[in-house]
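Participant: In case you want the letters, here they are:
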Amino acid sequence: MTDDTKTIDINAVSIDPTAAEMLEIAIAEEIPTVFSRAAAMKPCPIGAEGACCKLCAMGPCRISGKDKEFKRGVCGATIETIAARNFARQVVAGAAAHSDHGRDVALMMKAIAEGEIEGGTIKDEIKLAKVAGYFGIEPTGKDVMTLAGEVADAALAQFGQQTGELAFVGRAVPKRQDLWRKLGVAPRGIDREVVQTLHQTAPGNDQNVENLMDAAVRTALGSGWGGSMIATDLQDIIFGTPEPVRSAANLGVLKDDEVNILIHGHEPLLSSMIVEAAQLPEMKELAVKMGAKGINIAGICCTANEALMRQGVPPAGNMLHQELAVLTGAVEAMVVDVQCIFQGLAEAAKHFHTLLVSTSEKAKVGENGMHITVDEHHPLAAAKDIVRQAVENYANRGETHIPTASTPLVAGFSHEYIRYMLGGKMRASFRPLNDNIINGRIRGLAAVVGCSNPRVVQDYGVVNVVRELIANNVLVVVTGCAAITSGKHGLLAPETMEFAGDGLKEVCETVGIPPVLHVGSCVDNTRILTILTEVVQEGGLGEDINDLPAIGISPEWFSEKALEIAAYAVGSGASVIFGGVGSPVSGSEHVVKYMEDTWMERYGAGFFFIEEPQDIVVKSLDLIDSKRAALKIDVPQERVLFDMDMRREISV
Amino acid sequence: MSRIIASAAIRGAHTWVERAEKKLAELKESVGADHAVEFPNTAYYLPVIYGLTGEKVEKLSDMDKVLSYARDLLPEVPSEKLWLPYLGPTLDSGVATLFAEECLEAMKYIDGSPVDGIWLGAADDVIMRARGVEFVDGSAPGFAAVVGAAPDNATAVKLAREMQEKMLYVFMGGHDGGTSFAEQLDAEGVQLGWDTRLVPFGTEVSSQIYSLGFATRAAMAFGGVQPGDFERILKYNKMRIFAFVLAMGEVTDEWYATAAGAISYGFPTISTSDIPQILPTGVCTYEHVVSNVSCDELVQRAIEVRGLKIKVAEVPVPVSYGPAFEGERVRKEDTFVEAGGQKTTAFEWVRMLDATEVTDNKIEVVGPEIDELEEGARVPLAIVVDIAGRKMQQDFESVIERQFHHLINFAEGVLHMGQRDLIWLRISKAAKDKGFKFHHLGDILHAKLLDEFDAIVDKVQVTVYTDEAKVEEMLAKARLSYAHRDERMAGLTDDTVDVFYSCTLCQSFAPTHICVVTPERLGLCGAYNWLDAKASNELNPAGPNAPIEKGELINASTGEWAGVNSFIAEKSGGAVQQMTCYSLMENPMTSCGCFMAIIALLPMCNGVMIVNREYAGMTPSGMKFSTLAGMVGGGVQAPGFMGIGRGYIASKKFMSAEGGLARIVWMPKELKDAMASSLAPRIEELGIPNFLDMIADESVGESEDAVLEFLTAQGHPALTMDPLF
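Respectively, the protein sequence lines represent chains A and B. Sequential numbering from 1 applies to the first sequence in this note's numbering. Sequential numbering from 1 applies to the second sequence in this note's numbering.
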């Protein structure tokens, strides 16, 4: 194992110079990292193309090689069935992760409403009333906690619902709802779709590619318009709907003379309490007593995004930075909740004084790590306990090496804020966005989302795709690790408008925004569904999301959750391109084509795998331009001057 | 570089709010917090604040809440680096500015008066409603809010004339280094005021709040938008009020702040100075700020930026021409020649002739031309217009003839009053000096009639007679024709025609209202009668006047027809299912906002009062016209209250469902006097010769009790009629 640390070219794994800086330490100290392990372990070629079926003990079977279309698994399964089944199972796993996150948020809101959570409050009452409306709950005349309880109950019921449709299906544009009903993919219940698709993909079950792929989409929609959307909305209600904040990103946000606590994972509850606890005078006093100047909280991954958007907590890095952060020797505690937490983190932490604290019953991390099962009714007490231990751990700190890199950024563009920023409190709407798409200043919209992946050069894909898109007047929104990557490389600062094309720059200048908007964590990709829906509803750009010049891109994906997000994006009408590594169904040409072409016919959107950033940009612009042509906005729009007859025809 | 604009506007907004807070504190100290605050004669309180927040500011202390709301809207000035989005906050600061400015202007009415010299201050509801008609029918396509001053007086006059010719209202407020556009015009002897569409509000830019107050009230009065529904009020303005700001001079922080407020209404700013631009669209229909525009291009550019199309027919006359000159006066001492006005014989007459008898564009002056006359001359005058057209009808003669008044009046330096053989014409010395001749009267009518009545009129020839013998000869013929028309009109009743006409002319402003125009009930704005609507339908079959087949008569006394009901139900999108033509109480006709008068129930008197919009006093209903108007407008049926055209009062069908004329128990004296002659035949039919004297007016009192006492003493018939409800 230790040899592996020497096999990597530290300057080639990332375009972020802090990676090389920290990997020097890793090599010197012989500490393995995700980068060295990736170099040592080549991906399994059979699994990579979705050609391995290990569903039953008659196998595992692998269908690969030149004559694979004639090969069969022991049960007779074809490569098409195996690839589609594997894909559907990946989507199910991603949906389960996001939706289960949503369930926890709903349970939390229920507990807050019942007064069971110490210090638990409802921050956004306006959004509570709005979301109540989606569930058909009358908000007027109810006190906040009663309403919160009713909304939480309604949200929780969505998970166990067996028939009918999820409530949030009604938030989609009517044409899309009709399409889902026609294709039979309108999700019935969040958990039901997950369970049914697992059943459907079990050995000896569904052998029809179309049926399997529809099941994948239906399950993903159950997350996108169900569990994930519940997570986003209820988190906003509980913790506040984000508005732009200033912060900075990269390892340089760690402080040499303060206690550093890193929060990592995907949930906002405990992390927000840790931020709160760290601000208590008693904790500050303790820190000073320990010789530190204060307590510094920074984040990794999507917990970082949640804390960034609502509390301005700086992200220390994206997913691939989790071990590198520990290597600074300056982290007193790394507090993790769920998802994307490397087991290697525990090993890295062992080399330093860093306390690795895992806090979720769903993710016990580290053999010798300290696991605290947080008493969900007393999260602040748990947070105080963690902060205290971190502060006390400051005494154990050895030599530190904190890179100086830290780049200023602006984050926190919820769809509610986007409406506001385009018209102020009294004229809030998406109209200016639509107008400037129609008039061509903005060529299209792109969501650059998802992960980092050590199989490709860290940050290279995201940064190049984003830079090229904005130079081509495409307004970019980012979430998840792609958002942190964008922040690290200066793309989230408003000054970045200088690198945008003339039209986009003009819009950025008018509104005061960067050309790349940080809209949230990965579960917050549902915000993008809402944005696209509202853009359609605002008018002038077609009748459904698939009419919009919009595209989703994940240049450095790695997770099942990314596949699930892609599936609900396509199901909702937005084409998706994944970059970096190849398609997980590349073993079956039929399934590859099915995602590209048949989905395009069925959903108006396709799913493409294109490895190189430059090629991704070319394909994205092609797709955007084809939509513009279909909308007949590919030519300069004539200025319409209104005479009296036309004015009489106007509807307010 | 809109960050510069955002920063300036936000700084300016802070200044405005601080200024208003300071002034409020001072005034509370000097006159007390309970001191009343109001703009003259309006039902909309401080209209911008009322419209956008629903708050009724009636006394000084009511401003506390408004200004604290304004303060809450004030954002931080954007930072130099890593700035947060500023467009939304800048628009908020614009709204905060408007609240502060409206408070400041209202406070001026307490410790002085903004009405001073040329400055007019707030526009009351009468002006708003009367001028509203022009905005509705397109004769005023929009308004320009002019801030600052032109580089010199001559340029100011040129710009003003250009806007007048384009039919725009020009609202002036704000100075540039002590000079203002309005003062420049005044110095050059240009007539200012609502009549010439050149309206000076005040020297400070804050007086432009009256422009926005006008626009805000339009949304409530005509659009039926509820106070406090800021989103719809602002959208209504963006979509329907075609206004823009012309900034001339150094753009200060305070100007920027005010402009930011205007942008929320969808009103862009076009500046002569070289300031940053905001070109991307969205809050306004097109650009938001366009700068460095030369005075030569200013008006045309502004019109394009606002997205406005103004149709101006070229009229070959040597003076300016446009509706803005309709209200201009030609004083006796400025007159070169006059005709009519009881001093000489003068008349105008349209006659329909066969195409073979009309030579298009043949314009002849029979008798002396202007240049053959002495200054101060009085001449006999006949304007005879011969029209031929395949779709021309005898009925349209009067419709076309009635256009002469405004068509001739539109010429700068020409005054026209009256109609038929009661006209009065003056041509000013200035117009004569510019080369205006009698011949040009013909040029105007030829050009405009062919333009406006193109579907009806194919050929127009005009003969202007100034030769006395010829004038008398033609007058005899014209009088025969007038008599013939009157006979025809008398025979034209609701019962003798099969179709009525809808009028949705005002749907650009009042999207939910539909007038039904019948021979015996003209449109409530008074501007369109059944023949006008018929002609309009010929002109433009898909236009605002559609024929309504009466269909089966449901109730003769209320005037309800099946065809009318189904038409109204369809066109109102089901909002109004049934509508009567002659009833106040049962499914009455809806109103837009430009009615000439309002009928309102007086329950104790068992009758109704009628108040004309010019009457500013209190009425026995306990409400002034302006307040009543708020209950009637916006396309809703309000039994017991109804907007009408004055002419309807003299109709045989007037409130026939409720017993007709005898129900009138109160009218302002000026309305009684104005209606006396046309009501005379109705009163004769009623058989109560002194009925007009039995109708109470303001001299009797403003309370219903006083009116009742008067009626009882007079033995007014309403008291013994069936109960109204």
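FYI, nobody ran anything at the bench for these hints, they're computed from the structure. Some hints could be false.
[Claimed, not checked] Now the in silico label distances, taken between C-beta atoms and shown as ranges:
1. Asn292/B x Leu641/A: 35 to 45 Å
2. Thr598/A x Ser294/B: 36 to 46 Å
3. Arg331/B x Asp643/A: 49 to 59 Å
4. Asp643/A x Glu709/B: 51 to 61 Å
5. Lys182/A x Asp495/B: 51 to 61 Å
Keep in mind that this is a model prediction, so the values were computed, not measured. All C-beta atoms in this analysis are idealised placements derived from N, C-alpha and C, irrespective of residue type, glycine included.
Participant: With reference to the structure, classify each hint as holding or not holding.
Facilitator: Checked hints:
no.: 1; hint: Asn292/B x Leu641/A: 35 to 45 Å; verdict: violated, 22 Å
no.: 2; hint: Thr598/A x Ser294/B: 36 to 46 Å; verdict: violated, 59 Å
no.: 3; hint: Arg331/B x Asp643/A: 49 to 59 Å; verdict: violated, 36 Å
no.: 4; hint: Asp643/A x Glu709/B: 51 to 61 Å; verdict: holds, 55 Å
no.: 5; hint: Lys182/A x Asp495/B: 51 to 61 Å; verdict: holds, 57 Å
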